[in-house]
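*Asks:* Just so you know, the protein sequences line up as chains A, B and C, in that order. Residue numbers 1 to 448, in our numbering, belong to the letters of the first sequence in order. Residue numbers 1 to 271, in our numbering, belong to the letters of the second sequence in order. Residue numbers 1 to 324, in our numbering, belong to the letters of the third sequence in order.
Treat the hints with care, since some could be wrong.
[What the hints assert, rightly or not] Here are the simulated lysine-lysine pairs, BS3-like style, with alpha carbons at most 27 Å apart:
hint: 1; chain 1: B; residue 1: K199; chain 2: B; residue 2: K225
hint: 2; chain 1: B; residue 1: K83; chain 2: A; residue 2: K317
hint: 3; chain 1: B; residue 1: K138; chain 2: A; residue 2: K317
hint: 4; chain 1: B; residue 1: K138; chain 2: A; residue 2: K100
hint: 5; chain 1: B; residue 1: K199; chain 2: B; residue 2: K181
hint: 6; chain 1: B; residue 1: K14; chain 2: B; residue 2: K181
hint: 7; chain 1: A; residue 1: K317; chain 2: B; residue 2: K82
hint: 8; chain 1: B; residue 1: K82; chain 2: B; residue 2: K14
hint: 9; chain 1: C; residue 1: K110; chain 2: C; residue 2: K193
hint: 10; chain 1: B; residue 1: K83; chain 2: B; residue 2: K14
hint: 11; chain 1: A; residue 1: K317; chain 2: B; residue 2: K181
hint: 12; chain 1: B; residue 1: K82; chain 2: B; residue 2: K181
[To be verified] What follows is a set of in silico ranges between Cβ atoms, one per label pair, in the way DEER data are often shown:
hint: 13; chain 1: C; residue 1: I309; chain 2: B; residue 2: E64; range: 22 to 32 Å
hint: 14; chain 1: C; residue 1: Q203; chain 2: B; residue 2: N158; range: 37 to 47 Å
hint: 15; chain 1: B; residue 1: S30; chain 2: C; residue 2: G212; range: 39 to 49 Å
hint: 16; chain 1: B; residue 1: D28; chain 2: A; residue 2: A284; range: 56 to 66 Å
hint: 17; chain 1: B; residue 1: D28; chain 2: C; residue 2: Q203; range: 26 to 36 Å
hint: 18; chain 1: A; residue 1: A284; chain 2: B; residue 2: D15; range: 52 to 62 Å
hint: 19; chain 1: C; residue 1: Q13; chain 2: A; residue 2: F13; range: 56 to 66 Å
hint: 20; chain 1: B; residue 1: S30; chain 2: C; residue 2: I309; range: 33 to 43 Å
hint: 21; chain 1: A; residue 1: F13; chain 2: C; residue 2: Q203; range: 34 to 44 Å
hint: 22; chain 1: A; residue 1: G347; chain 2: B; residue 2: E64; range: 51 to 61 Å
hint: 23; chain 1: A; residue 1: K120; chain 2: B; residue 2: N158; range: 41 to 51 Å
hint: 24; chain 1: C; residue 1: Q203; chain 2: B; residue 2: E32; range: 30 to 40 Å
hint: 25; chain 1: A; residue 1: A92; chain 2: B; residue 2: H222; range: 39 to 49 Å
hint: 26; chain 1: A; residue 1: V22; chain 2: B; residue 2: N158; range: 37 to 47 Å
[What the hints assert, rightly or not] Which chain A residues face chain B? A few, computed with CB under 10 Å, are given here:
hint: 27; residue: S292
hint: 28; residue: H293
hint: 29; residue: R296
hint: 30; residue: V299
hint: 31; residue: D304
hint: 32; residue: S310
hint: 33; residue: V311
hint: 34; residue: G312
hint: 35; residue: I313
hint: 36; residue: K317
hint: 37; residue: R422
hint: 38; residue: R423
hint: 39; residue: A425
hint: 40; residue: R426
The set of hints was computed from the structure by calculation and includes no laboratory data. Note that the structure is a prediction, hence the values are computed from the model and not measured. Where a beta carbon is used, it is the ideal one built from N, C-alpha and C, also for glycine.
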Amino acid sequence: MSLISPANLRRLFWIWVILAIVAVMTGTSGNNSTPPTTGVHGSFMERVSFFGLFATWRWLLFVALGVIIWLISSAYRPRARQIHHGVDAFMALPRRLTAKRSTRLILMALALILALVVPKFIHESFWMYLIVEQIGVWVLLALGLNVVVGFAGLLDLGFAAFYAIGAYVTAWFTGALPMPALFHHPIPTLWVIPLGIVAAMIFGVVLGTPTLRLRGDYLAIVTLGFALIIDDFVETQSGVTGGGLGTSPVPHPVLNLGFFHFRWGLSPTPYYYLCLVFIIIFLAIFTSLEHSHVGRAWVAIREDEVAAESVGINPLKYKVMAFAVGAASGGFGGVLTGGLVGIINPGLFTYQVSVNVLVLVIFGGMGSIWGVALGTIVIQTVTSYLDNYQPWGYQINDLYMYIGALLIVMMIFRPAGLLPSRRRAREFAAAEGGEEIHTDEVLTGEQP
Amino acid sequence: MSEVATRSLSFEVKDITLRFGGVVSLRDVSLEMRRGEILAVIGPNGAGKTSLFNSLTGVYQPQEGTITFWPSEGASISVIGKKAHRIARAGVSRTFQASRLFSALTVFENVKIGAEDHNGLGLVGSLVKGPRTRHAEKVSDEVVVDLLEFVGLSNEANLVASQLSYGGRRRLEIARALATKPEVILLDEPAAGTNPSEKLELTSLIRRVRDERHVGVLLIEHDMKLVMSLAERLYVLNFGSVIAEGSPEEIRANQSVIDAYLGSSHEDASN
Amino acid sequence: MGFEHFWLSGFDQVHAAFWRYLEVGLQNGAVYAMIAVGYTLVYGVLGLINFAHGEVFMCGGFAGVFLTRGILGDRVATGWGSVGLVIAGMIIGGLVSAAVAIGVERVAYKPLRQRNAPKLAFLISAIGASYFLQTLAGKEFGYGVNIFPGAVFEPGKVMFTMFGTQIDTIAVVCVIAAVVMLVAADRIVRATKLGRGIRAVSQDAETASLMGVNIESTIMITFILGGALAGAAGFLYSLNSGIVQNAGTEIGIYAFTAAVLGGIGNLRGAALGGLFIGLFQSFSVPFSFEGNVQWTEIYTFLILVLVLIIRPTGILGEKSGRTA
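Next comes chain A alone, as it looks inside the complex (with noise of 0.2 Å):
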């Protein structure tokens, strides 16, 4: 087959579209002041060296890029159902090696292993305090709302708010509120671990009682809509919650068993082993649930809502259980924050952190487990490598570029995540096989 036939031209013209689209968005930035182009035109006339082998204009590295691929690309036509399959194939490998039950536990042991001995080999405090903040904080979330969002199929765009929860119960339990604690008498930080996780619960059943009855989309908006007016009235109310400025620094935790004492002070690595108990809790109670008949009903009610009522399902019970069990993590990860940054402000939990943990349900695997665990590992590390390093131009700023092309690219691409979980990866292969996917035909709008 020609080279130069228009199919192949076709494909040389898409390829370089893409290839403007990277060259734009890894190129420079404009700004309010310079004309509007200033961005777009540094992006492609930026000299770039390359070991001094190319003293030349950016544009022309991405048409030559551009160029390669598409000559690869031709060349491996022919072969393209075989590179699909070994694609294929190499995608599903992780699912594979763990199907066995041994391999899983070894796999479980080596992790908690390395898990464990993390501390050892990180001797700078700041990436200790990364590792804790922005790992083991986020993967408390993550978990949390892949219970909501994996398992029970629930968009919440809100789910900051259980954290938010979490946090400002430890601030206000701890006496760090503008207002007086609970009863006039501070508790210690650690106390409050129950109190912040149950309120969080309680918070969960509040809200999703009323709400949890909408279809999907509107669920998703309503949980948005919450999560703003929460994030609003925090800030108004500076007289009860410190406002934006925030509250007053939350105590650091204390263990006193008599016997033993013990202090969370500045130094991060008690905290990461504090929350790599309750991470290791959380995985034990989720795992639990997914393969109770509480699992079961979730996907009955994501899969067909009309279905599961017929068999006697309670969809809105199930729902809110949902909620409630997800924003059980997402509350400890709240008091958490509280005992590790110790000034907590309404920033914490904006509507950008609920998508983030979104993101991170989404690149794990909606509804696996240990997808999520390690699809949070991977991108707040390289999101933490990517702030505290700017590589190549990289700016703070152009991460949320990056996560909303990675969110179409995966839907795209890889609906059911890194990992996926066994039932939802048989869900979109049913989805796509023709099998008619009845959630939204509910007509809970439409009742007469």
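Dock chains B and C against the given chain A, drawing on the hints supplied.
*Replies:* Positioned in the frame of chain A, the structure of chains B and C alone reads:
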């Protein structure tokens, strides 16, 4: 109506009218279903058969009329205004026109969802697998094994539901519906899309549901041969109204039914 | 004192400046209405909330702003020149936004639709598109700070005085332009062949395709129509407030609230809803505790949440095409 008389009925539908906006889907429909009978509802497409099913199972709420379900024991239940899952637990189970299985779960799990008790909260029990939870699991597992054997899917128990053949899915749906221990099962076109041999199997399965499981069957079906061989009584719906009721022989001879099926004009059929 | 005083002082302010609040409300409401129509149209055809629609609006704003900047430089337009610029700005804004809307459709929705993906996938992909566009705009044109167009009208120019209130030219232009565009959109949907296609697909896509309506091109037209309206709205909005990279989020949610209020899927409802939200916000300003403007946001979001919970079909009712 006296208690004795009513106990011989499972369902009593009185003058229900169901509207969506301006569209009348069911108009003054009345229907009685006797305990343990195989009753069929037939009618042309769009006659309101599925709307009737949805009203009987609490998915739709008719604006007028009453629907009463009489369990073999205990007080009667007024269906309108109750949630679908409440009706299901009260003993009315159903299948769907296009089978609506949980395609990501295995055949076994599909039935198990139906067999499980969804009354309590069950959160703690799921976390701490105490003796009570384990006993409940064992009981529901036994129910599943028994039902899969009943519908002939024992060998497919570990397949994913979406891997089943069309007839297999139909049977699985019946098993799932039976798992809730219903007194009445509503089958919405159970034979749609199946081949002739599967159709035969389904016919005998439906009869066994009634004879061996003592569950009353209410059936919507297009396949006249299947309906006439199965049903003991039929109701005919056209344009949302009941136009005839009777035994298969009576229905076959009924002129308005013949008119409706031959596709006479709207005016003729609804008058 | 306290609460009672708060209410009384709020009503006093409304009383003192009723026409000013009305003007601002109508001006914003016009913009919300135009965006809301896009949400409603896409929802009708795809049964999907286009989360990226706010960003489509934002792109139109940038396009219009850059156009007027390029043409005017430091000059100030007067007379017919202003009118021409407004029309040109709306056209360019509309064209760019329509192009962006098509881009979103092709990249974020179409591949999923062809694969018959679950609805969750669409929502997530839409959030992705929204993030991408928002941040890309920020990267190229700067974050945070508004970009003001060269003066299309002399700043704060007063057109006429009514009931003792000076009415800004921009407000008048906004309202007139919005009314024209909305009436045109309504005519297109109700009275043309294109509109028949849109309505047919909204009612029942399967039947529509059996009857020879080309679903894909109908979807495309819907996105173009919604995008063009949003782009024109973007330009009108930026005339007054300039445009920010993240304007789409907030304004988008207000407009979405309007669409829900009017019964999503219902074009006229969306337009009325937009007007209502604009007026509601404007008149809620005097009722902000401690003068904190965040309260108007809280009130608006409360409307959104309450309407969704109590009456998800909206005040004017959802189009009942999907029922049976």
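*Asks:* Tell me, in ascending order, the numbers of any earlier hints that this structure violates.
*Replies:* none
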